[in-house]
Amino acid sequence: MLQADVPVYTPATLAEARQLLQEPGTRPVAGGTDAMVRFKDGVWRPTAWVNLLRLRGELAYIREDGDWLEVGALTTFSELLASRVVRERAPLLAKAVRTVGGPAIRNMGTIGGNIGTASPAGDSLPALYALDAEVLVNGVTTIGIAELMLGPGRLKLQAGDLITGVRFRAQAPDEVCTFEKLGLRAAHAISLASVAVRLAPGMARVALGAVAPTVIRVPDAEAALVAGHAAAAAAAAQEAARPISDVRASAEYRRAMAGNLLLRGLMRMLGPNLVSPIGGDPR
Amino acid sequence: MTNQQTWIGKSVHRVDAPAKLKGEPVYMTDRPLENPCFGRVLRSRYPHARILRIDTAKASALPGVICVLTHKDVPGLNGFGIVIPDQPVLCFDKVRMMGDALALVAAETPEIAAAALDLIEVDYEPLPIVDDALAAIMPGSPLVHETGNIHLRTVIRRGEVAQAFAEAAVVVDHVYFTPRQAHMFLETEGGVGQLMPNGELHIWCPAQAAFRDRLQVARLLGWDPERIREYSSPSGGAFGGKDELTVQHYLALLALHTGGRPVKIHLSREESTVAGIKRHPFMVQMRTAAAADGTFLAQEAFVVADTGAYASLGGPVLNLAIEHIGGVYRFPSLNVEGYCVYTNNGISGAFRGFGVPQVLVALESNIDEIARRLGRDPLDLRRQNLIQRGDLSAIGNPMTTGVGNQAVLEALENSPTWKERTAKKAAVTDPWKRRGVGIGLCMQGLGLGKGIPDYGAAVIELLPGGKFKVGISIQEIGTGNQTAYAQFAAEALGCDVADVEVIQGDTGYSADAGTVTATRSVFTGGKAIQITAEKMVALLRSTGAESYAAAYAVARERGLETKVRGSFAWPEADEEIPGAFGLPHHIYGYGAQAALVEVDTLTGEVQVLEVASVVDTGKSINPMGVEGQSEGGVAQGVGLALMEDTVVREGRFLNANMSNYIIPTAGDVPKVETFIVEVHEEKGPSGAKGMGEVPIVPTMPAIFGAIYDAVGVQMFRAPATPERVYMAMMGDPSATEDTPALRARIAEGRRAGLAAQLHQTEGEGYAQPKGPEDEEA
Amino acid sequence: MELKMNVNGQPVAVEVAPTEPLLQVLRERLGLVGAKEPCGKGECGGCTVLMNGQTVNACLVMAAQAEGAEVLTVEGLAAPDGKLHPVQQAFVEAGAVQCGYCMTGMVMSAFSLLQQNPQPTEAEIKEGMEGNLCRCTGYQKVFDAVNLAAGRLR
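Chains as they are written, first to last, in the working numbering: chain D, 1 to 283; chain S, 1001 to 1777; chain W, 2001 to 2154.
Calculated from the structure, these hints are not laboratory results. Mixed in with the good hints there might be a few duds.
Distance ranges between label pairs, derived from CB positions [claimed, not checked]:
| no. | chain 1 | residue 1 | chain 2 | residue 2 | range |
| --- | --- | --- | --- | --- | --- |
| 1 | D | Gly151 | S | Asp1732 | 28 to 36 Å |
| 2 | W | Gln2119 | D | Asn273 | 31 to 39 Å |
| 3 | D | Pro272 | W | Ala2123 | 17 to 25 Å |
| 4 | S | Arg1045 | W | Glu2122 | 42 to 50 Å |
| 5 | W | Ala2123 | S | Asp1732 | 55 to 63 Å |
| 6 | W | Glu2122 | D | Pro7 | 40 to 48 Å |
| 7 | D | Pro272 | W | Gln2119 | 51 to 59 Å |
| 8 | D | Ser250 | W | Pro2011 | 52 to 60 Å |
| 9 | W | Glu2124 | S | Pro1025 | 30 to 38 Å |
Here the structure is a predicted model, which means the values were calculated and not measured. From the three backbone atoms N, C-alpha and C, an ideal C-beta is built for every residue, glycine too.
Start from the sequences and build out the full structure, keeping to the hints where you can.
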């Protein structure tokens, strides 16, 4: 089928969208920043597109619900960045989202799309893992983000299922966090490796991006951090990484970076004196 | 009219800026078209294969397809190439790279054209791939061309090399590798072809050599060039990448089969990357000798340039690199041996700097090491060895024109980046980062070089109201020459810049002034316009009128020709360098840079914080334009040094799009401070030389020097990606590729190259200039 | 499908394929060639236009998604008499234009940045322009231009 002949349906309600997506071969499209690229490259050849933008009224929101925050799937990265609630109560997500693309990409790309594409290099995902996020499906059920992600581009969803939002507990005021991203240039870069870290007394979260088939949490690193052992945490991160070699970087380097980015993040959060580096000072 | 200098040296606003900023259809790929059809090119599926069969029947039968063409439809010479036509227009016997073209389609829509490509059946017999330039020289390597894989071998020897190395206090010997940088001009190759009702073929296509393009198209069509008109300016960036034919040949062939309808081709970024030319990747083994007092004694180098499947400008690129193998320094002894080699790795050709950045990084890095080993200040050591006017360059060229070295070095020394380097390095923000400062000095031969016809020509037409139209074939590819030409004309004619319209790149309007390459456009166009303007002034005098407006009226009344023409030949060196076609150059641009970098020791990331960029322009025609070129050259140099490489494995392209082939963003570029040095060039227009290529040349060595200064590791392979820097910092043995095995391969390559040279029969292949007698290699 | 939009203040209705990128609709169907296609994949910003008040990469917007949208292209910035918008004028005066091919996208990003943040810091300017790739200028004079425009629009 010529691309010019692929229909685009624009449902007005979630129910209608779900019905359309039950047709085999259809795909949802929101901001299009991933979908359109894959379509043009011929990687995705849907029989029809289901354009979700008319559902923005329903699915673009940032809600506070006591300790919880809930973000609608069609919320754009720009909207997340502009949100005082996100900046203050989920600063980790704000830091991660800031590294996505450039302004126009952030205006188009959505949090739901980033989840749906399920790329291990999706920059909002390590933050969501570190926030123990739950993904809302069809507006009714929830599934833990780690449970949802099966592999690159693969999700534990049925035909007709639609990601409608994501929810997580707000970060505590006394915690510190950082998102460390390593790309091949300063902006508009695909992650070679990334680390999302949260720390509070007795609590640590470490999630690694782009060093395994999915984003991964590193419980050993978290335990080491709770015990105050930065070097052990970095070593655990390197141990947990299962990176690949590609045109951008070798697996060996990515593995080393999983640890070093964690160290860098710790130094940024806690000050360099509180962290003992591994690998030594090259000088 | 006035003789006062009112326009030269003034930062006149770009005359082309408003229309471009408004989005007017000024580019060739933006032209509004009446009833267009759309062309596509079928590219190879293999990097090296025999073609057994091409069947276009199904594609031709697809509704909406207008024509499908193959090699059988090339009426003239089925080959093109600036120096030798070794690249097939449409392949017939075999393919040698992924970008090779096998068939052309014109259709009602781009998508139908794409669908038709899928219906063309080609049977291939894959052949062994040549993907390593050094391996390509070796005996037994598969052949890319039947004439052999060595396109050009150039050897220059001078002085007592062996003795110099024996007597040296310091000898530094390393192997360096530079990447296959892609031009990544934002406007990909494209354009429109149309057979006009008067029987002429018109081609609108951004390009760098309108008249030569016309000749190449005429040759493949078997036409009189006068029947072809190319409009080729402005271009949305070129940098050398549109010097060769890009799509003109395809447009020409298709336009003969579309019934007079305009046919448009505009390459996708991916197709552009795969099919377009690149910067030649170089391997440079360089051995440099210095005396205990710091005097440079000898320079020895073995250079291999990967030109890919076809020559394009590979030979001249190699030779320009060799000409600059000693940089801006006196070397009494020299032994350089260079190879330009065919492989199946796409195709390389002209790119800003033209081979010089590839060898300069080796030279300047070696010099830094000499300075360290002698305990010398790197800038001071360079000063000691600078070529002065009247000296011989490393290849033995008497430097008789304006030499900017001394002034350039002084400006560098006084730049804040260098002068305040201690404080700047100490101002590091994060404790896991280290800062360093490095420098690089360069020169760059201007114009095409000895023995290559190089000339300029212009027309000036007097218009009603006393306005002027200046015609010159040299294109505006972004450098600002359109504005500079208006300034030259206004200055010479004594009018306002606003009264001058500059028409560029149109073979139907102006005479042939050659290419917009080799930093020749300000010199060539400026000189041609000045010479032509004298004739216009003479015309005015002959009318006896007081003003150009009145002169126009008088001229019309008397039936005088109101369009005047002028031309000149480029000055060239008296003596050629034996064995090195096109060498030497006669006039050189000079430049130097200091770079301040910050290295993240945890990741190997290098951020270039600031660059002081010194350029000797001769007279600077438009200082703001010079600054822009300087800033842009540095940005491309940052890309070359730190992030850019078209990765080709087994002949296939791994990063053809802009998400994987990355160029610097707004967040990656340093703050650039430009220092213009004006060393008057007597032979140039108003004392000008030109400077477009200069600023990309010293950036890579300055950055490499700064990385060393920061973290104590020398980079030997560009780009210095975070991974490479990190691995080098960790002392990873694979970080230096200079192993005994590589040295053995180099030695074998030298022997094989010499043997191939000796076996080459005269008149076969590219007419290779004979080198001096080879000693035992 | 028939696509109805408002482009540069004018209602338009044009027959398109629903998946056709907005960029093609603008360039090929409406003759608005200010937005370019340097990469086609949302990497370079050469096709930046404003859609419903925000910058988007027009190469990644499906025509069907632009139904009913307010689109502003670079052609809509200058005054009807041809006088440049202050942002465009600043680009001229700062010497920001070289080949110019990326500059229409740059202008749209700068225009949008200054709309949202009339007094951007140096870092905010960099951030605002980081989605627009330029191969000629090294960006420095682009930053100068945005600064100059900010001063004038203030």
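Tell me, which hint numbers fail for this structure?
-> 5, 7
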